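Produce the entire structure from the sequences given, and follow the hints as far as they go.
Chain by chain, the residues run as shown.
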Amino acid sequence: MTLEQWGNITATICIIMAWSYLYKGENPLYTFAEHILVAIATAYGIAYTWETQLKPRVMTDMVKNGKWSLLIPAIIGILIYAWFFKGYEWIARLTMAFWIGHGAGYALAFNPPVFLKQVFDSFIRLNSFNNIVYFLVVITALMYFAFTLRKDRGILKYGSQFGRYALMVAFGSAYGSITMAYLSLIIGQLQIIFKDTLHLVK
Amino acid sequence: MKRQLPIIIVFVTALFVMVTKFFDLGTFSKTAQDELNLWITVSSVFAFLLGPINLVRLHWSNVEKKRPNWVYSAILLVVLVISTIIMFVDGVNGKVSLFIVDKIANRIDSAIYAMLGFYVCSAAYRSFKLKNTEASILLISAVILMLGQAPIGDAIIPNTSKLAEWILTVPNSAGMRGIRIGASIGAFAASIRVILGLERSWTGTGS
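Line by line, the protein sequences are chains A and B. The numbering of the first sequence is numbering that gives the first Met the number 0, which starts it at 0 and goes up by one. The numbering of the second sequence is numbering that gives the first Met the number 0, which starts it at 0 and goes up by one.
Since the hints were made in silico from the structure, they are not lab data. Remember, it's a predicted structure, so these values are computed and weren't measured experimentally. Watch out, some of these pointers could steer you wrong.
[Claimed, not checked] Straight-line C-alpha distance at most 20 Å; calculated DMTMM-like pairs for lysine to aspartate or glutamate:
1. LYS23(A) x GLU33(A)
2. LYS23(A) x GLU3(A)
3. LYS63(A) x GLU34(B)
4. LYS94(B) x GLU50(A)
5. LYS201(A) x GLU3(A)
6. LYS54(A) x ASP89(B)
7. LYS66(A) x ASP33(B)
Spelled out as structure tokens, the structure:
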């Protein structure tokens, strides 16, 4: 047997182990598959980060190119492990603070141009049915999300109600698309079992 | 100091990011932004073992205390060690590593993810039973989308694919834009609260 055939048999066994959940909920086969997945994914994460990130930063950037200033962020990153030492957990918060500060600053400095463009682009010329629907849905969806305003009467009441219905159409279509994606994934798994491994389908 | 120092670091880091963006500091702005982005990448790379260490601690403790289902924890630890050794020796793009990832991990991952397809259908049946107007709209929209994306859709109801496309490009796109704008405003407000130290839940010391 070739490696490819062994691979298909292994893949089929793995799929059956995972799908055994459909027959009997949390059963030994499913739990076994679940733990194997977590172990391999973690191992891959460690090896991948080492090979593509850590090694180039240390060997190339620091040692070869002499960029020793990277020792500072390296130390900041290592401080997160203080979380595991009782009494020193607060040190890990310094690393968290660095990341959160960068994220918050980035959200204030760089995100507004992106979402403001979306706001500007929503004010389109109302010269077609589609444009009118588009504009109304954006505005009424925002009305629905304005939780700090009283919406028990007037335009806000009917606007937010329309927004709610419009959001349901959006969620329904998103749901439909996701379901179709799941179905194609199921078909893909069945093809591995019946076509690639058992050769029952051509 | 243990409580104030993280808040000060948040404020200083955020201020630094904003200063490099909003003030014309010549080439320094670009250099500082690139360097800070590199620092964020490097610091997160060096923190990469946080998850694996937590995982090993949890499962090691399960094995040590012989908690229910400890055998699976033992299996996880053994597979983790063996896979890590193989991937370090063979390389992440090596033949054996790719076999383990593609034929075992990816297959279980896809199968579990695909399994949601079965549950999505039964959950839909339970929740969509036309209880109210909103559920009816959601159900009709979802059915049109599914029929529109399937080849048989147009044969059952003519022009379903066109209607599905219209739903995707007009109401769906507009609704999602409304959600995105709302979320961005929320993120903006949350960022200001974090920078000013009003939101401290991330420190684990309460707000």
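**Message:** When the structure is checked against the list of hints, which entries are broken? Sort them ascending.
**Reply:** Hint check: 2 fails alone, others pass.
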